[in-house]
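Engineer: Sequence:
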Amino acid sequence: MSRLAQFPYSCKVYQPSRDFENQYRILPVKNYLVFYVVKEQIVEVHRILYAKMDLTKQL
1 MSRLAQFPYS CKVYQPSRDF ENQYRILPVK NYLVFYVVKE QIVEVHRILY AKMDLTKQL
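Under the numbering used here, the first residue of the sequence shown carries the number 1, and numbering increases by one thereafter.
Derived from the structure by calculation, the hints contain no laboratory data. All C-beta atoms in this analysis are idealised placements derived from N, C-alpha and C, irrespective of residue type, glycine included. Misleading hints may appear alongside valid ones.
Result set (BS3-like, lysine-lysine): computed pairs, CA atoms no more than 30 Å apart in a straight line [what the hints assert, rightly or not]:
#1 Lys-30 to Lys-57
#2 Lys-52 to Lys-39
#3 Lys-12 to Lys-52
#4 Lys-39 to Lys-12
#5 Lys-57 to Lys-12
#6 Lys-12 to Lys-30
#7 Lys-30 to Lys-52
The following label-pair restraints were derived from C-beta to C-beta distances [what the hints assert, rightly or not]:
#8 Arg-3 to Lys-39: 10 to 20 Å
#9 Gln-6 to Lys-57: 28 to 38 Å
#10 Asp-54 to Gln-6: 15 to 25 Å
Please take these sequences and the hints and turn them into a complete structure.
Structural biologist: Right, here's the structure in full:
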């Protein structure tokens, strides 16, 4: 997670099957995926989900 503060744009952009208001990025942490948004110099974590879940149903 410390990488997130230093390099917020280093993680890939989540490509959902439907459009979202924000452009989510995904940071994998062990068995979890951290979904976050970068707004200027602020990083907002929106969701943390178990990696093996069906993401389309959870988001």
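Engineer: Could you work out which of the previously given hints the structure breaks and list their numbers from low to high?
Structural biologist: Per hint list: single violation, 10.
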